[in-house]
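All residue numbers for the sequence shown refer to the UniProt record's numbering, where the first residue is 1 and numbers rise by one.
None of these hints come from the bench; they were simulated from the model. Computed from a predicted model, the values in this text were never measured in an experiment. By construction, the Cβ of each residue, glycine as well, lies at the ideal position given by its N, Cα and C atoms. Keep in mind that a hint or two might mislead.
Unchecked claim - Once the Cα atoms are required to be at most 16 Å apart in a straight line, the calculated EDC-like pairs of lysine to aspartate or glutamate come out as: (1) 27 with 57; (2) 158 with 215; (3) 19 with 39; (4) 54 with 110; (5) 86 with 213; (6) 158 with 76; (7) 247 with 199; (8) 49 with 12; (9) 129 with 119; (10) 49 with 10; (11) 247 with 220; (12) 27 with 58; (13) 86 with 199; (14) 42 with 76; (15) 86 with 76; (16) 86 with 215; (17) 158 with 213; (18) 158 with 231; (19) 59 with 76; (20) 42 with 10.
What the hints assert, rightly or not - Beta-carbon label-pair distances, calculated as ranges: (21) 265 with 213: 42 to 48 Å; (22) 104 with 55: 25 to 31 Å; (23) 130 with 13: 28 to 34 Å; (24) 87 with 263: 42 to 48 Å; (25) 131 with 31: 39 to 45 Å.
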Amino acid sequence: MAAVETRVCETDGCSSEAKLQCPTCIKLGIQGSYFCSQECFKGSWATHKLLHKKAKDEKAKREVSSWTLEGDINTDPWAGYRYTGKLRPHYPLMPTRPVPSYIQRPDYADHPLGMSESEQALKGTSQIKLLSSEDIEGMRLVCRLAREVLDIAAGMIKPGVTTEEIDHAVHLACIARNCYPSPLNYYNFPKSCCTSVNEVICHGIPDRRPLQEGDIVNVDITLYRNGYHGDLNETFFVGDVDEGARKLVQTTYECLMQAIDAGLPSWVPSGTAVC
1 MAAVETRVCE TDGCSSEAKL QCPTCIKLGI QGSYFCSQEC FKGSWATHKL LHKKAKDEKA
61 KREVSSWTLE GDINTDPWAG YRYTGKLRPH YPLMPTRPVP SYIQRPDYAD HPLGMSESEQ
121 ALKGTSQIKL LSSEDIEGMR LVCRLAREVL DIAAGMIKPG VTTEEIDHAV HLACIARNCY
181 PSPLNYYNFP KSCCTSVNEV ICHGIPDRRP LQEGDIVNVD ITLYRNGYHG DLNETFFVGD
241 VDEGARKLVQ TTYECLMQAI DAGLPSWVPS GTAVC
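Taking the hints into account, I'd like the entire structure generated from these sequences.
Take a look at the structure:
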């Protein structure tokens, strides 16, 4: 008689023998998903259901690829969605870029759902960590490196360049500085930076759409090094932009500067570099 494989409940902290399998996972072809009881299954539902979403999204991407003509870069993966403006995603995307094994990675980098356990542990707390002098130096270093990478991205912005090309340069620049590109795989985000064009508010996914004369584009860069994330962003003009776009960016910049002045300790003179 063949040996019967013993399975362990997949609920965190439970090591009981599992005999129940999620029916939705069976339909979606997801391997595993065994639980010892309905109680454990219900207790894991908040995170487990994300596996279903990921599987459905991947299936949709495969279906998109099956009917996309070679060379067609204007495929909308969310057909029927009511957009707020004229901008549309240009899919399919290039494959996710690898990060060398010698680069230190945040805890979500290799998580199948891109979840950060350290972040989850802090949810609900109102305590703000006070940084030591060593912490502050670590933050200053990674923020300086992030500024260098953002400057590289800024130098590429012109009509005809795609945001995926900018993302590629950002990815390589992060690796060259022994840093992990923080957006990559954070809750399965597929790219190494965020590029938000025109009406996209934030966290836009770089794709194959070429930048056009008159666009504005925000590039959001975050690097991870030695346990610290350095995060900054900036909005750029693509060629000549209209007065409305120019006023929006200028007003936003002025608000940022006033907020920084208001947030600085009283002993730091306005305009003084703090990193």
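- Lying within 42 to 48 Å: is that true of the beta-carbon distance residue 87 to residue 263? 33 Å, violated
- Message: Next pair to validate is residue 158 with residue 231; report whether the Cα-Cα distance is within 16 Å.
- Response: 23 Å, violated
- Holds or violated: are the alpha carbons of residue 86 and residue 213 at most 16 Å from each other? Measuring from Cα to Cα gives roughly 15 Å; hence the hint holds.
- Straight-line Cα separation of residue 129 and residue 119 no greater than 16 Å? It holds: about 13 Å lies between the C-alpha atoms, which stays within 16 Å.
- If you draw a straight line from the CA of residue 59 to the CA of residue 76, is it 16 Å or shorter? 15 Å, holds
- Proposed proximity, residue 199 with residue 86 (alpha carbon, max 16 Å): 9 Å, holds
- Query: Would the pair residue 158 and residue 215 pass a check requiring their Cα atoms to be no farther apart than 16 Å?
  - Reply: 9 Å, holds
- Task: Below or equal to 16 Å on CA atoms is what counts here, so check residue 49 against residue 10.
- Result: 13 Å, holds
- Is the straight-line distance between the alpha-carbon of residue 247 and that of residue 199 16 Å or less? 15 Å, holds
- Message: Given the hinted pair residue 27 and residue 57, is their Cα-Cα distance within 16 Å?
- Response: 14 Å, holds
- Message: Against the 16 Å threshold, does the CA-CA distance of residue 158 and residue 213 hold or violate the hint?
- Response: Holds - the C-alpha atoms of residue 213 and residue 158 are around 8 Å apart, at most 16 Å.
- Proposed proximity, residue 76 with residue 42 (alpha carbon, max 16 Å): 35 Å, violated
Comparing the model with each numbered hint stated earlier shows that hints 6, 11, 14, 18, 24 do not hold.
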